[in-house]
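**Q** Quick note, the sequences are listed as chains S and C, same order.
Counting along the first sequence from 1, when you hit position 133 you're at 133 in our numbering, and nothing is skipped either side.
Counting along the second sequence from 1, when you hit position 41 you're at 41 in our numbering, and nothing is skipped either side.
The set of hints was computed from the structure by calculation and includes no laboratory data.
Small disclaimer: the values here were computed from a predicted structure and weren't measured.
Be a bit skeptical, because a hint or two may be false.
Claimed, not checked - Rough simulated footprint, nothing fancy, chain C against chain S, three-plus residues with beta-carbon under 8 Å:
#1 41-53
#2 82-89
#3 100-106
Ideal Cβ placement from N, Cα and C applies to all residues, glycine included.
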Amino acid sequence: MISITGLRKSFGAATVLNGIDLEIRQGEVVSVLGSSGSGKSTLIRCINGLEKIDAGKITVDNFDVSKPRELAEARKRSGTVFQLFNLYPHMTAVQNVALAPVEVLKVPRKQAEAEARELLNSVGLSERADAYPSQLSGGQRQRVGICRALAMKPSYLLLDEVTSALDPEMTSEVLSILANLAKGGTTMVFVTHEIEFARSISSRIAFLDKGQLIADLPTEDFFSATGMALPRVAQFLSKMRKD
Amino acid sequence: MRYGDFTPFDIILLLQGLGVSLALFVSTTLIGLVIGTAWAVVRFYRVPVLMQLVTFVAELLKNSPVLVQLFLVFFGLPAFLKINVTPTEAAVITLSGNSAAFIYVIAVSAIESVGRDQIEAARVFGLTRWQILRRVIAPQATAFAIGPLTGLLVNQLQVTSLISVIGVMDLTKVGNILNLRTLKPFIVWTAVGLVYYLTAKLVTYAGARFEKRLRAHTAWKGL
Ligand SMILES: Nc1ncnc2c1ncn2[C@@H]1O[C@H](COP(=O)(O)OP(=O)(O)O)[C@@H](O)[C@H]1O
Ligand SMILES: [Mg+2]
């Protein structure tokens with residue numbers, strides 16, 4: 001379980017996350033929605049320890065991410081997929097995927113690379129396994145990014161707008177992979193602007209507004225009268241649907 | 001044959017001089033690489049005190065003439081510490097220190113050239129600082145550094161000629177001897193200059209070859 005209580009985060013004078021409480025249990029897909037600048041990326045970056053939190057507590061399977069010793073354990077349990085892929089440009093797809101298993105989990109290189117190939121195969125990239133990121137399309141790069149996270153066999157996947165740098169065609173190839181993962185029971189924290197997709201795969205929707213979690217509802221409730229009763233949610237949904 | 005004529009033996013003398021210059025160049029470059037890179041790693045880890053010390057020393061070495069540093073080591077150290085410093089030792093110490101300072105600058109900017117986003121990715125997957133340095137930063141930083149490094153080394157090769165003034169028998173010193181004997185400065189210094197030129201070209205060529213190999217992943221054109 002990922003447990004967030006009383007999370008507060010500021011950059012200088014600007015408070016970006018203001019008292020967040022959120023729990024993600026094993027097997028859930030929680031989509032995080034909210035307008036741009038509401039703090040969604042910062043929330044993800046607090047969970048994976050890229051940002052130091054100012055107050056509150058975040059634990060991943062009871063490992064406290066604010067404690068350097070426990071952060072390493074917490075990070076082994078969660079895998080992050082980035083908006084701009086963040087691949088290692090000097091490594092092939094296979095090497096990108098195998099790096100962390102070899103270095104962190106001490107899997108023998110041969111075995112790690114064989115497993116990497118299998119993963120790449122499962123997302124339709126068997127042909128491109130030995131290509132460098134610069135030789136791949138955006139959608140292919142993001143599929144490598146997903147494999148890289150899955151290679152660590154994480155209990156939780158953290159995804160931050162993983163399709164927002166992709167065109168519609170590439171978006172759908174990446175989303176179909178995520179839909180399969182969701183069906184397979186992978187736990188996900190899914191930051192997205194793909195409202196309809198979020199609705200189709202999520203068990204719950206968390207809605208961030210100016211650094212506050214103003215809704216945390218089962219998906220059906222969020223998209224029905226309960227959600228619409230919240231002015232900010234109604235506003236957000238109508239705006240997103242118009243675009 | 002008169003004393004002042006060129007003899008076939010002079011070629012051997014020149015080659016010996018070149019050998020000394022090259023030996024100094026290669027050894028001080030290697031020492032400079034080790035020290036300069038180590039300093040950059042100190043900075044990467046932000047080791048307190050040591051980091052400020054490194055910056056200070058590098059600044060001193062970069063901003064004073066090599067010849068002055070050479071005199072300080074060769075004449076100053078013996079006078080101050082009452083130790084004996086041979087010309088070769090003085091040359092190795094001075095040139096290594098000087099190369100280290102400039103290599104440090106190149107290494108720091110090479111490390112900083114690697115995108116933050118990849119480093120963040122490596123961090124969230126649990127790689128240690130050292131693993132990130134070795135697997136993610138070093139390969140890319142090396143490719144980035146080869147160009148400036150080649151430029152520096154071509155310059156450092158010429159700088160080795162300064163050590164002739166304290167009596168090391170390098171290529172320039174041999175030129176000096178030949179010049180005094182034959183009194184044909186134009187021929188002697190043209191020959192000496194040509195040997196430096198060809199050696200410098202070789203360094204540049206090797207650098208370019210190495211860089212091309214390291215940049216294999218970006219060489220691909222298409223899409
Ligand atoms: N490193 C940072 N330094 C200063 N301000 C930041 C930093 N990162 C994010 N912010 C600010 O925090 C707010 C929330 O950003 P972010 O979490 O990226 O929002 P979202 O992902 O929901 O669009 C924004 O106003 C942004 O400008
Ligand atoms: Mg964002």
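**Q** Among the hints numbered above, which are violated by the structure, and what are their numbers in rising order?
**A** Violated hints: none; all satisfied.
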